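Using the supplied hints, reconstruct the complex from the two chains, each of which is provided in its own coordinate frame.
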Amino acid sequence: MTSARARRFTVGAALAAGILVSGAGDVRAQAGGMPAGTPPAMVATYESLADAILAVKNTEVNLVRAILGTGHAHAQVELDRARKAIKAGDAKGAQAALEGLAAVVGQLGTEGDSAVGAVRKRLLEGGHHHNAAGEVKGIYDEGFVVVTRAARQAFLDASKAIGLLARAPKGDALETEWKKVEATWASLMKGSV
Amino acid sequence: MLCLASACLAASGCTHAGAPAPPAGRFHFVNVAAASGIDRITWAGRPGKEHLLDSAGTGAAFLDYDRDGRLDVYLVNGWRLEASAPGAPAREGSRLAERGRHALYRGLPDGTFRDVTGEARVAGEGHWGSGVAVADYDADGWPDLLITGFGPNVLYRNRGDGTFENVAGRLGIEAPGWNTGAAFFDAEGDGDLDLYVASYIACTLDEVLAARATLDWKGLEKVALGPFGLKGAPDHYFRSEGGRRFVDATSEAGLQDRGLAYGFAVRAADFDDDGDLDLYVANDSDPNYLYRNEGNGTFREVGVWSGCALDANGAAQASMGVAIGDAAGDGALDIFTTNFSQDFSTFYRGLGGGFFDDASEETGIGPATFLPMSWGAAFADFDNDSDLDLVVASGHIYPQIDGHPEVLGTFRQRNLLLENRAGRFVDVTAEAGPGFEAVQSSRGLAVGDYDNDGDVDILITNLDAPPDLLRNERGNAGSWLEVACEIPGGAAIPIGTAVTVAAGGRTQRRDIASGDSYVSSHDPRPHFGLGDAATADTVDVRWPDGSHTVQRGVAARRLITMRKGS
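Just so you know, the sequences run in chain order A and B.
Under the numbering used here, the first residue of the first sequence is numbered 2, with each subsequent residue one higher.
Under the numbering used here, the first residue of the second sequence is numbered 1434, with each subsequent residue one higher.
So that you can see chain B by itself, here it is in the shape it has in the complex (with noise of 0.2 Å):
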């Protein structure tokens, strides 16, 4: 199967049509935030998105806070913006209505969630948030919460009681800007979690409050500026120094953001195979960033050459999101980028040894994600028939396109389930349930198993609205296997440790990040559709220092625990 997949992915002929029909009605996901109690707004600025920080939207989560091997969800809230006084005029600008809230929600044994927010103390510092990472930053055995925003970033340290306390003034990391997409990784290979942020835009909170559309759109509306005519950001690098602190290492690592490029999505993966996380920086309207790590604690970067940072035309892309993931079955890295409305989102397809291909076209990823504007992004086997399908949150950032739906749909749009048939992807979405028929501005997108059923849930933020939780009722259909990774007295979540599964003729390949889609970070126990397969032939753990754990003839439809020594 491995083989066919790929040499169907490889053969120009190959086409949806040869590919074997599917039974009906496989996916069917149902938005069950609110009957979960999942109900906070997210806020984003104000309702014309008059500024870029409008309509940047902000991240989720889902991470085991408390380690009860229940998932809980965190939300990452902006402000709420209004005219200065009621019927001011434009020119006086707008003024802050309401500081969102960020909202922890514990998962309960009944499926539903409790607000924890304010006993946890999580609800953020007054910023105007943006992004979440999760990771145990100093090992002690908690996830930890780096939320990146208009501000200073917070680092909510799990105390392990259920409370958090920022320290990131205390480390080193607050980098006051407009902080997005970030990640968490072990840079050095010397165990210590180091820190990736990304930056876009350089402004201030008076020239967001001051802003006005004056970009002109077709010549039909006026909408806000950017990111072209407003200065990128540099990312920040962060080197840990055992956990205790952090050091600006920026320039020294080899991470300058020479381009000033407006950053938006992190992921840190190993997408040459050689035993060290690389760093993937997905880019608004610059060529993306691929630093491949040298093995010294330095990195290069190798996007342009190794055809990851434009698309096939050579052109850079509006990107804000990403996914990663094996999608195409043939043991390398896929990079999904997710871009403006009017453009593919992009396929990169891994060649092996950290080389990749624009097959946008010919996998039908860019075809179907041609005409809405694309954020978070998630792989994910949705129907555990064994292969990665695609999931896309979608939304545009200009409201005054609803005036003129006919031209290329409106601000609030449907978010997209792409299934994965033999390496060629079809749209599904019509056929995914009530959970795919609603239409938000969508933006931040997480996965995971919220409620330990087989199958994988989604978690999207949308602007100015609560978020939808699409729970799936379908998915266990098939056989599945979950594995969760410890590393015994060390972090709750083992960052760069690989899984790879072989089953029912098939191997195939998860890892675990802290930082992913857009400015989101999943489920940290990565998921396997086995499609018919009762037992896994071999579960191979690949652990940070290249280690490896394996387990045979492993039982299907349970979730696992590999620990590393075992």
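Just chain A, with the same shape it has in the complex (with noise of 0.2 Å):
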């Protein structure tokens, strides 16, 4: 019960409640025979919140494009490790890096692993669809802020295709699947995808 969401309702109750308090004062004010209208502090106000809830998803799009960038980072180590053991013949160390590279494609495609699946949800739960258009579109899935249906496929596609590899690791076969991502992962950022 003393969780940070726990905390954050409370500042964010406290927050209301001044604005609350400061508005009426301004409603007082107008009954005294000033001109009809939206008190301008309350205008006020509301401009800071309409900035500070579209920051906030912006930064939401930035952290998701920085959950995607490590995990992009994280499979470019993969690749090169399985590179390495494919060269070296290392077949077990070739196994085990396309195994590594795969989940990592596919959390590519889901947008973030199953814990981030978690906090996505709870965005749902919460009635946050930060592209609610794009969704009834087609385009995103429920809850996605980056991936587009169309990336997610070419990213699980991939994914499966790599893992798939891992039993017979094969350089060239790799080198195919890699593209792929790669294309998927340069027209995502450039959103044309």
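One or more of the hints may lead you astray.
In the BS3-like style, the derived pairs of lysine-lysine whose C-alpha atoms are separated by at most 27 Å in a straight line are [stated by the list, open to error]: (1) A:K58 - A:K138; (2) A:K138 - B:K1655; (3) A:K58 - B:K1664; (4) A:K93 - A:K181; (5) A:K181 - A:K191; (6) A:K191 - A:K88; (7) A:K191 - A:K138; (8) A:K138 - A:K85; (9) B:K1651 - A:K138.
So, partial list: chain A residues that the calculated Cβ filter (under 10 Å) puts toward chain B [stated by the list, open to error]: (10) E100; (11) G107; (12) S115; (13) R150; (14) F156; (15) A167.
Because the hints were derived from the structure by calculation, they are not lab data.
No experiment lies behind these values; they were computed from the predicted model shown.
For each residue, glycine too, the CB sits at the ideal point set by N, CA and C.
Following this line, the structure appears as structure tokens:
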């Protein structure tokens, strides 16, 4: 019960209460003959709140991109390991690296691992859909911020193909799959997929 | 035949029309529950199902608790709720009207059952039950019963004298919460049965009692909220220490439920055929988990990239139940998950090595399961023609849909029987006899040959109604073999044992599990339909330690016992 969530709620409630109290004062002043309309202080507060809300949405995009970027970097590390192991004829090492690569490419497709998924679920529970319009159009899955359905499918396909490669590691097949990953990644970062 | 089946599955042009037409009327099931003495109503909350706990239902098990060679039946029960007072407003919530008693029915020689719940002391401890897994956790030769539910788990240790005692608290596996599917399996290869328990939602009884239908359903009705909007609860893994106590080793073993997924069904099997048991967890509205056993007591979650976490479109589905078997007949285990209405239940075809692809569409399973809401399921050879058919328990969670049957049917639905015709699954429900004509909101499902007549019967639980015991009346027209596996001095049920039978040019494989379907447990004696074969060429039992026992030239149409070391 002393969770971060509870603390955030307390801070938010205090802020809201402050706004209401100051706004009520303006209303009382208007009743004394001032022109009708929303008190400027309230509008200004709402402006500030809008800035904060929009900034938070941008922050969400940036954070999810950072999560994906970390995954992409991790994928490159696993790729490098796999390449070296295949070149050295180290089947066991190649298998481990390819499975690692498959896992992180899969996480690109699911926009983070299951722990990130739990956060996404919580946001949905609260009614937050970052790409609500895109979800309606079928471009995004529910709650996804950056990864489109098309990109998700491409990453998932590559993930499975790389996982299958782990059973019989082959350098050229790996490069083929990695090219697909990179193409999807580049398009996603450009916002064209 | 084996090659033909797999080739047919792989070929895009293989259709039902191209498969040989089977003789008519080969399936005939009759509900004999009441006539057999099985009449316990399994309660499920309040009539309006305002909370998901009201509509989750309960599981069932076939087991031989007294080792008399006849299957017994265990039913898990829930609670009955009603408005706090007659005419009280809904805001006052509901109150407990009845704590349903679980039921143990002993199989009798004449094919009927006697209720022995009271004398066996297995009525439950007053908790709202959910699932059941049967295993001899302490290897004393007697099958024990794990009961999950809303509250602490109950582990009824079989004392071998017809009575049981609850040892869950003493053994450290109570883990209070809303626990659902569970599976005993030897995760570490040390001979001890470890335990995985899935959990669904974190909520309190007050929340359950106060729940109201607030979720908008197609603009037509208000229905129970969830699972989105409710917090998922973490699953548990308990490592056995010689069957004397269990230790929570969830994180240590790599089985941490980081996604707090809404867990329902659990099944252990050797999906990658490397000799140790992996674990599949079907999650509602979250990706399913496949935990691959790394061989050292730890697991790695590989569901997404192995192809069995999401559907063909990459989407997580509302998975409730699971069926495992080599339905494609190609030697690799396949996974079937049951899902929400207006969505395919999914057939993940095993590709070998622990990889899968979604073959729901091409096998016909997807279209056949699209409309109903599906729960318990099992692969079994119901017509003994040497391939695995599929039975699925159906029933919606919103009784409110009954006001609009034109949209997607009703709360009570017909269960489904799909016949395997050379890898293509065909809906034969309408011709499967009166047992498949009734409509209920069904949940748990277990299969087993309770009358020992050589064909597989079906036990199904229903919400707020007695169960169905569907006696198979024509299955034994085909040849068959049933294999009871025993480890002298070992556990009564050798979980993780795989049996392979070669007969009539086909090779079939079954495995022995504890915890399956939707919160249920099947007959632990593998059943094989052999078609026209009078003899099985070989019966090969691979024991959990990797050793084999093989018999050759085994006459069909009988139950045989294979003993380790003999």
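Checked hints:
Taking the CA atoms of K58 of chain A and K138 of chain A, the gap is near 20 Å; set against the 27 Å cutoff, the hint holds. Restraint check for K138 of chain A and K1655 of chain B: satisfied, since their Cα atoms lie roughly 26 Å apart, inside the 27 Å limit. Taking the CA atoms of K58 of chain A and K1664 of chain B, the gap is about 23 Å. The hint holds against a cut of 27 Å. This hinted pair checks out: K93 of chain A and K181 of chain A have alpha carbons roughly 24 Å apart, not beyond 27 Å.
Between K181 of chain A and K191 of chain A, the direct Cα distance comes to roughly 15 Å. Compliance with the 27 Å bound is thereby established for this hinted pair. For the suggested pair K191 of chain A and K88 of chain A, the alpha carbons sit about 33 Å apart, so the restraint of at most 27 Å is broken. With a C-alpha separation of about 20 Å, the suggested pair K191 of chain A and K138 of chain A falls inside the 27 Å cut-off, and the hint holds. Restraint check for K138 of chain A and K85 of chain A: not satisfied, since their Cα atoms lie roughly 43 Å apart, outside the 27 Å limit.
Of the pairs offered as hints, the one joining K1651 of chain B and K138 of chain A holds, with about 18 Å between alpha carbons and a cut-off of 27 Å not exceeded. Annotation: E100 of chain A was flagged as interfacial toward chain B, and the flag holds, the nearest CB pair being 7 Å apart, inside 10 Å. Of the supplied interface hints, the one on G107 of chain A holds, with its beta-carbon coming within about 4 Å of a beta-carbon of chain B, less than 10 Å. This hint holds: S115 of chain A has a C-beta 3 Å from the nearest C-beta of chain B, less than the 10 Å allowed.
Nearest Cβ of chain B to the Cβ of R150 of chain A: about 7 Å, under the 10 Å cut. The hint holds. Against a cut-off of 10 Å between C-beta atoms, the interface hint on F156 of chain A holds, since the closest Cβ of chain B lies about 9 Å away. A least Cβ separation of about 9 Å between A167 of chain A and chain B falls short of the 10 Å threshold, and the interface hint therefore holds.
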